[in-house]
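Engineer: Listed below are the residues making up each chain.
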Amino acid sequence: QQPVQSPQAVILREGEDAVINCSSSKALYSVHWYRQKHGEAPVFLMILLKGGEQKGHEKISASFNEKKQQSSLYLTASQLSYSGTYFCGTGSDSWGKFQFGAGTQVVVTP
Amino acid sequence: DGGITQSPKYLFRKEGQNVTLSCEQNLNHDAMYWYRQDPGQGLRLIYYSQIVNDFQKGDIAEGYSVSREKKESFPLTVTSAQKNPTAFYLCASSIATSRGNEQFFGPGTRLTVL
Chain H
19 QQPVQSPQAV ILREGEDAVI NCSSSKALYS VHWYRQKHGE APVFLMILLK GGEQKGHEKI
79 SASFNEKKQQ SSLYLTASQL SYSGTYFCGT GSDSWGKFQF GAGTQVVVTP
Chain F
6 DGGITQSPKY LFRKEGQNVT LSCEQNLNHD AMYWYRQDPG QGLRLIYYSQ IVNDFQKGDI
66 AEGYSVSREK KESFPLTVTS AQKNPTAFYL CASSIATSRG NEQFFGPGTR LTVL
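If you read the sequences in order, they're chains H and F. In this text, residue positions in the first sequence follow the working numbering: the first is 19, and each later residue adds one. In this text, residue positions in the second sequence follow the working numbering: the first is 6, and each later residue adds one.
Calculated from the structure, these hints are not laboratory results. Relax, there's no trap hidden among the hints.
Here are the simulated DMTMM-like pairs of lysine to aspartate or glutamate, each with C-alpha atoms no more than 20 Å apart in a straight line: (1) H:K115 to F:D59; (2) F:K88 to F:D43; (3) F:K14 to H:E58; (4) H:K115 to F:E77; (5) H:K115 to F:E67; (6) F:K62 to F:D43; (7) H:K44 to H:D111; (8) H:K55 to F:E107; (9) H:K115 to F:D35; (10) H:K115 to F:E107; (11) H:K68 to H:E84; (12) F:K88 to F:E67.
The following block holds chain H by itself, in its conformation from the complex (with noise of 0.2 Å):
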C-alpha cells in the first residue's frame, strides 16, 4: 500500500514555511523524500532511518517518527528554486521493495 501524503499542494510566498506529511499503514525501514521539476526525473533529497532520526538538507529538514509510521519534511525560508512536486517513498526493508506517496506540488511565489 502506497504511502499517503498530505497536503497535496501548496503554495507559499517566498520566505515562508510550509510542512509535508508522508504516512504509512505499514512498518517502515526507511523513509525518502525526492523533488521532481516539470518534466524531470525525481531528485534525492535525504533518507531517513527508523530510530526517529531527523535530517537537513539546506533549509529542508525532515524528522521520521517510527512509533507512528509517519515522516514529515519542512521547507524553511522558502526560495524561489523549491518550487516542484515533492515525494517520499517508503520500503520496509534496506531495499527491495519501494513505494511512492502521490506527491506535494508546491509553488513558491516572489
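Starting from the known structure of chain H, fit chain F onto it as the hints suggest.
Structural biologist: Only chain F this time, still in chain H's reference frame:
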C-alpha cells in the same frame, strides 16, 4: 560519469504493438526499478529486481514484462495487453547499504500510444 540512461526520450507507437524501453546503469548497483508516472500523479512501481536473473512484480505489473540478464540492464516491455500505456516511465537503481537504498533515476521515457 556514472549514471542511468534511458532511451529513447520520446516514443510513439500504434495501439496493439509491443514496445521495449531501455534502461542501463553503470553505477554497479544491484537493484533496479521501473516506475510509471501519469500526469499529476505519483510514481507507481511496475517491477523491480534485486539481483541478476531475478525480478519481482510491483503494484501495477499487468501488461508489462521485464528481464534482468545483466547487472547493468533492465529493459521494460510494454505489451499490447496494457490497456492504457501512455505515460512517463522512469527507471531507477539503488545499492543496499545500512543507510538505506537511495534511488538514482534515469531521465525517463515518455511513451505515447496512438
